[in-house]
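In order, the protein sequences belong to chains B and P. Counting from 1, one number per residue, gives the positions in the first sequence under our numbering. Counting from 111, one number per residue, gives the positions in the second sequence under our numbering.
Misleading hints may appear alongside valid ones.
[To be verified] Not the full set, but computed from the structure, chain B residues with beta-carbon under 7 Å of chain P:
id	residue
1	R43
2	L70
3	E71
[Said to hold, decoys possible] Below, in silico cross-link-like pairs of lysine to aspartate or glutamate (EDC-like), each with a Cα-Cα straight-line distance of 16 Å or less:
id	chain 1	residue 1	chain 2	residue 2
4	B	K45	P	E331
5	P	K298	P	D257
6	P	K378	B	E33
No wet-lab data here; the hints were simulated from the structure. We treat Cβ as the ideally placed atom computed from N, Cα and C, and that holds for glycine.
Listed below, chain by chain, are the residues.
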Amino acid sequence: MKTYYNPEDLKKFGSIGDLQKSMADKFFAYYAEVFKEGALSAREKSLIALAVAHALQCPYCIDAYTTDTLEKGCDEEQMMEAVHVAAAIRGGASLVHSTQMMNKIKEISM
Amino acid sequence: MKSLKAQLHTLADPEEELAVLEERHPGGADNNFKNHLDRIGLFPLLPTQLEIFQINMGKMCNQVCKHCHVDAGPDRKEIMTRETMQLCLDVIKKEPFLNCVDLTGGAPEMNPDFRWFVDSIRLIRPDIKIIVRCNLTIILANPKFNDLPDFFKKNSVEVVSSLPYFSAMKTDAQRGDGVFEKSIKALKLLNQVGYGMEGSGLVLNLVYNPSGAFLPGSQSELEGEFRKKLRDRFEVEFNSLFTITNIPISRFLEYLLRSENFENYMEKLLSSFNPVAATGVMCRNTISIGWDGYLYDCDFNQMLDLKVNTTHSTHLSNWDSSALADRSIVINNHCFGCTAGAGSSCGGATS
Ligand code: SF4
Ligand code: SF4
Numbered sequence: 001m002k003t004y005y006n007p008e009d010l011k012k013f014g015s016i017g018d019l020q021k022s023m024a025d026k027f028f029a030y031y032a033e034v035f036k037e038g039a040l041s042a043r044e045k046s047l048i049a050l051a052v053a054h055a056l057q058c059p060y061c062i063d064a065y066t067t068d069t070l071e072k073g074c075d076e077e078q079m080m081e082a083v084h085v086a087a088a089i090r091g092g093a094s095l096v097h098s099t100q101m102m103n104k105i106k107e108i109s110m
Numbered sequence: 111m112k113s114l115k116a117q118l119h120t121l122a123d124p125e126e127e128l129a130v131l132e133e134r135h136p137g138g139a140d141n142n143f144k145n146h147l148d149r150i151g152l153f154p155l156l157p158t159q160l161e162i163f164q165i166n167m168g169k170m171c172n173q174v175c176k177h178c179h180v181d182a183g184p185d186r187k188e189i190m191t192r193e194t195m196q197l198c199l200d201v202i203k204k205e206p207f208l209n210c211v212d213l214t215g216g217a218p219e220m221n222p223d224f225r226w227f228v229d230s231i232r233l234i235r236p237d238i239k240i241i242v243r244c245n246l247t248i249i250l251a252n253p254k255f256n257d258l259p260d261f262f263k264k265n266s267v268e269v270v271s272s273l274p275y276f277s278a279m280k281t282d283a284q285r286g287d288g289v290f291e292k293s294i295k296a297l298k299l300l301n302q303v304g305y306g307m308e309g310s311g312l313v314l315n316l317v318y319n320p321s322g323a324f325l326p327g328s329q330s331e332l333e334g335e336f337r338k339k340l341r342d343r344f345e346v347e348f349n350s351l352f353t354i355t356n357i358p359i360s361r362f363l364e365y366l367l368r369s370e371n372f373e374n375y376m377e378k379l380l381s382s383f384n385p386v387a388a389t390g391v392m393c394r395n396t397i398s399i400g401w402d403g404y405l406y407d408c409d410f411n412q413m414l415d416l417k418v419n420t421t422h423s424t425h426l427s428n429w430d431s432s433a434l435a436d437r438s439i440v441i442n443n444h445c446f447g448c449t450a451g452a453g454s455s456c457g458g459a460t461s
């Protein structure tokens, strides 16, 4: 069956450099630097990545960071809480815009 | 749950396991472990200095963990006899370069001659390191095992215990219902006699292995996480945490195949092949002894029935240390488990 998303394609991520090498090299070097242990632990960064992956709804990133958080010793409860953080921010971001709606209501209503 | 052997499962046969590891290996023969070693100039894989004598005292166990590479369980009856233990003692006595005797199983404590054996090793080699791989729950399995912490202490045994996670859900999923709670109780009993406590000199190390088809993360990070959680939640102390990669044999292999994770898992091991870890694989300074006295390069080869590659000295009864030093180590695709990422051995990461 033809589908837009194929798990096998994740393995080809590195080959984006075939079409534009220097930018890809810079991106991957930056990526590696970002995920290194720093002021945040590699584990904390992985949980953030898992949450962002859900916010962006990227199936590749969800696969990759589900494995990565498990490898880094996170359990299912922590992982689900991270996804709830993403959901809360997404939901909150919609809801907080309702203040604009309310402003507009006021502005044009008698 | 029964052992694969009791289920008459085809994967209880080492030949069947080796056939899977060869035929379903991603990338085929060109991509096998031998070629990987060849490319970094490490083939044939040779021993360095023999230091560790790892004795598998039998396949009998009170648990039936899903990932067990021994296919151990209560239904396994193969255990070491006192005569074979005596042959072990003869070797330990005459080989001064052995600095560590590592007792494993199954649950080695279930062997009726276990205490006699540990006492005897301590008697002939007062300074040698003795490790017991204790699954923790055995301490509570029967009143006759309740005093094991004191027995370990009396013989200055180093205790190494598996705990796949600091919560019940993940631990029990891998090791069986109720195992986590009992393990915590047993850890507290060990702490009580001084194990894992600062300044006691009594070493309690934990083993972490992933509960599924993924690799262990950084040993130091996981150790920090375990220390914090076990201390805060349960007031349990330990010395070090060893991360161990699940080797694709026996019950873990069966799980990989059943869950259709085999190819992905092997690809992950292959793409994480680390030459430094390959240089430090544990078979280079270890001899593994089977319950029946046969000699192997490691406990995994033992389970695959791959005996040491020597014309003689394949059994304790004709032990010849120079023939063993001259052997090359028997390798196969399961070895990728030892060389992935930071590497894996019975003492944790190797690089
Ligand atoms: S406790 Fe150890 S030997 Fe026993 S079944 Fe579990 S992994 Fe195997
Ligand atoms: S599986 Fe055994 S023989 Fe193979 S690398 Fe690991 S320790 Fe050595």
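*Does R43 (chain B) pass the interface check with chain P, least Cβ-Cβ distance below 7 Å?*
Hint holds; R43 (chain B) Cβ to chain P Cβ min 6 Å, cut 7 Å.
*Has the given pair, K378 (chain P) with E33 (chain B), been kept, meaning a C-alpha gap of at most 16 Å?*
violated, 22 Å
*Is the hinted pair K298 (chain P) and D257 (chain P) satisfied, with a Cα-Cα distance of at most 16 Å?*
holds, 13 Å
*Report holds or violated for the interface hint on L70 (chain B), using the least CB-CB distance to chain P and a cut-off of 7 Å.*
holds, 5 Å
*asked:* Let's test the interface hint: is any C-beta of chain P closer than 7 Å to that of E71 (chain B)?
replied: holds, 4 Å
*Taking only the CA atoms, is the gap from K45 (chain B) to E331 (chain P) under or equal to 16 Å?*
Roughly 13 Å separates the two Cα atoms, so the pair holds.
Taken one by one, the earlier hints fail for this structure only at number 6.
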